[in-house]
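S.K.: Sequence:
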Amino acid sequence: MNLKLLHDKLRHDMKQRWDRTLPFEELLFDRWEKAKFLRAKSQSSVYHNSYIYGDIVIGKNSWIGPLTVLDGSGGKLKIGNYCSISSGVQIYTHDTVKWSLTGGRASKEKKGVTIEDYCYLGPFTVVTKGIEIGKCSVIGAHSLVNSSIPPHSLAFGIPAKVVAKVKIKGKKVYYRFFNSED
129 MNLKLLHDKL
139 RHDMKQRWDR
149 TLPFEELLFD
159 RWEKAKFLRA
169 KSQSSVYHNS
179 YIYGDIVIGK
189 NSWIGPLTVL
199 DGSGGKLKIG
209 NYCSISSGVQ
219 IYTHDTVKWS
229 LTGGRASKEK
239 KGVTIEDYCY
249 LGPFTVVTKG
259 IEIGKCSVIG
269 AHSLVNSSIP
279 PHSLAFGIPA
289 KVVAKVKIKG
299 KKVYYRFFNS
309 ED
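Here the sequence shown is numbered in my numbering, starting from 129 and rising by one per residue.
Among the hints, erroneous ones may be present.
BS3-like, lysine-lysine: derived pairs with alpha carbons at most 25 angstroms apart [as the list claims (entries may be wrong)]: (1) 169 with 299; (2) 143 with 162; (3) 226 with 236.
No wet-lab data here; the hints were simulated from the structure.
Whenever a hint applies, use it, and build me the whole structure from the sequences.
M.R.: Have a look at this one:
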């Protein structure tokens, strides 16, 4: 079977079964298989077009969306259980700002990142080195997380700021927004 025919067949099957259309590489490769290759815990998935570097630990039932960058080259990058890392998220365990500005005289800075269990990172969020995001937290789309976020927080913005407390009762999720008196 030539590639064009294979592509047409896989695309048709995906559309019929899941009502979605994906890039050819995502049709060819299984995202659960990639997660297993990365030694992620059970039921996690990692899209084929995600870039993965260095020391990464992914918990169970976590989803790593397409076009993500998980860079554990500067220290351990730990993603907990039941986390959703949305499309385009970039997580770094190092930076080269001082190295660049000093013409290489300063060292590259390195420090691990931890995203605890039950977290959601919205699309195109960037997380910098040394950050901890506490369990049951939500980070809004297009945020820059350059300081740690406590558990049960809703945070967003550039830089990300905590704007609400996340409350969970059974299957329901509530947000208690802060006002100027808090």
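S.K.: For each hint given before, does the structure comply? Return the numbers of the non-compliant ones in rising order.
M.R.: none
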